[in-house]
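Following the hints, complete the assembly by docking chains G and F onto the known chain Z.
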Amino acid sequence: MTRFAWLQARTQSLAVGALLAALAITTAITGVQLAHLYHSLVVPCQTGCDLAQNDFLSHDAFLQDALVLLMRLAPGVIGIFWGAPLVTRELESGTFRLAWTQSVSRTRWVLTKLAVVGLTSVAVSGLLSLMVTWWFRAIDLVNLNQYGTFDMRDIAPIGYGAFAFAIGALLGAVIRRTLPAMAATLGAFVFARVAVTLWVRPNLLVPRHLSSSLGGAEQFGFMSRNGGTPELIAKGSAGPNSWTLSTHFVTSSGHVASASELKAFVHQYCPQIGPPPGGPPPGKSVVAPGIPEAFQNCRAAAGRTYHLVVTYIPAGRYWTLQWLELGVFLALAALALAGCFWWVTRRTN
Amino acid sequence: MNASVEAVGLGKRYGKRWALKDCTLTIPSGRVVGLVGPNGAGKTTLMHLAVGLLAPSAGEITVLGDRPGSDPAVLERLGFLAQDSPTYARLTVRQHLQMGEWLNPRWDAEFAAGRIDALGLDPSQRAGTLSGGQRAQLALTLAVAKRPELLVLDEPVASLDPLARREFLQTLMEVVAVQGVSVVLSSHLIADLERVCDYVVVLVTGRVVLTGDVDELLASHHRITGPRRDPASLPSSQQVIEASHAERQSSFVVRTSEPILDPVWTVTPLTLDDLVLAYMRRDRDAVASTTTGLAVAR
Amino acid sequence: MIEFHLDPTSGVATYQQLVQQVHQALQLGLLEPGDRLPTAQQVVSSLAINPNTVLKAYRDLEREGLVRAKPGLGTFVVGRLPRTDPVEQARFRRSMAAWLRSARGAGLSIDEIEAIYRTAIRDCLGEGVA
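Residue numbers (my numbering), protein chains in the order written: chain Z, 1 to 349; chain G, 1 to 298; chain F, 1 to 130.
Because the hints were derived from the structure by calculation, they are not lab data.
Any given hint might turn out to be false.
To be verified - Straight-line alpha carbon distances no greater than 16 angstroms define the calculated EDC-like cross-link-like pairs of lysine to aspartate or glutamate that follow: (1) G/Lys-21 / G/Asp-283; (2) F/Lys-56 / G/Asp-213; (3) G/Lys-21 / G/Glu-60; (4) G/Lys-21 / G/Glu-6; (5) F/Lys-70 / F/Asp-35; (6) F/Lys-56 / G/Glu-216; (7) F/Lys-56 / G/Asp-215.
Here chain Z stands alone, though its shape is the one from the complex (with noise of 0.2 angstroms):
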């Protein structure tokens, strides 16, 4: 069973790995020639390095693109034509009639089945996303945000790849027909990747707190909702390669400020701020323009009132995060692979 399942995996498993193959050529030969671009440009720097940095940043700008653009898109690929179509195309065109009545049971056909396409995905996506981050290391280097392609790097794709294969064969013996089956996984394929890094990934690990003056904020200004009374934000950083999850105004007393508080002291203590006239889009933190008087001003007033706390994951829990990460998708990935074995061998119909 095992040979034939490779037999009707093998025209697109190879398919696949020739497009690895010259994926691999590609990044091979631009990824050492960038690794030069680094050492000369980037390295011997000593001052005024954002020039030198941006100058690097902006080589091979189409690779970056296509090759961020390809982690987006491979895992839920995966899911979509090898995943989906494993049972259905069978249940479909009616070959499960001829499938299940030679001599091996149900349960052999489709553990053995799931297990060769599994492991092709699990494998293809791993590849990828070798080549990928072994590409972007001098890139990383630069760049400083490891939080921010998190789901781009190392082994957090490799779960992504299972999880979209496994959920796409369990969609697929459910829905039986192949077109809906692929369109239900990239729904729930996208849907599960949008709640995990909305509501789960920053709630992996504990966070750490780290109190600062507002004068070492990365960014101070006010933001206008709905073209209201503008409140005060600001953006602190815990330093390189760390995760700011987020940033409050702290008075001395230990209050965390709220919103309202905000606009209140914005009014008060900064009347000449306002929103422009016209109004600002909602949401967006404006700079307050022409009057940067007025802002050093008020800038100085909240200081005296405020500090700010950054709640943040550190740079070192990288690792344990991508591999709590990996964890959750392998876990929805044997929950969604146990569905499959489960309807596939106990309904018989």
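Relative to the frame of chain Z, chains G and F by itself:
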């Protein structure tokens, strides 16, 4: 002689509809059994129950002495050809044979290769590009080469042209002659089955209305024609299956084990076709009268 | 070796047709003692009929003493059909030709002649009636 298929009160339900209901039959082994019935009669359902693709909703079925399911030991002894001969369109003929070899412990590779050769099929041709008749022959080869004890074929010739149909049946009969497999094949055309079957099971709307050895059935049923008469006036040894009356003439299909000696009757032979149709019509009329009976009672 | 054919519209059972064809072949001298009949496999592979039908026909022929099955070797013709003297056959053929000439001379059509022939066969010889 053992039974190849035995069903007791077998039923299969889809939602509220019973595709097969109260089906009780015993199919003897070593025969070529024809499963006849109009579309929707439950032939495919019965076959899928026999090969383990479906599970019964009621009653039970044993095939070759075992409960059908996905147990490899049972599947090994069965060969199944589903309707429209499903094959993997993107795999070649040779790859299909490889599949047979990998997935069946009793696979006879020499026979399979010999068959493909005799059929003139190109082993490197993809199954999707074969004609309907060629696909049916490929599927038959796959089913037979696993050396089953029972072959179950679901409307194998329904979509084939007359030449392909004849060639398929020739191949099948050759296999029966040489290997002695039991065969159950279904069709909604009795003409297809007349040549090859020696046992027949007739299904109508999910119920069995007639089973028996073909020679025996043909020997015990006659059409008698004579002056107009009430069917009740016939002797009790002659069971009336069907009666039709013209102004001065009556014609009956009767079942009897005794010779018809009354000279007033002209006795004409029945074909299997006539016989099966008579039983189907009788069943349809019986169902109609029970429904009207219910309506009246209410 | 004899080649069987099947007439599905004749109303005669398949196995009986096979028996009759063997009888005819014996009559015409196409089969002689020592000849081997085709195996069941050969017959069904060309006619697409049930092998049991062939075996039944051969059993009937064996009961009539015309053939014998030798296990592993096949079924062989062992007997002859009683044949009438060719001189006698020629005499009846001449009287039939005379009758036909007078029937045509009386104005009977070919169809009428055939109908008379069939009725006579049925009434006088009593074969082929249920």
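Worksheet item: Going back to the hint list, which numbers does this structure go against?
Response: Checked against the structure, no hint fails, so every one of them is satisfied.
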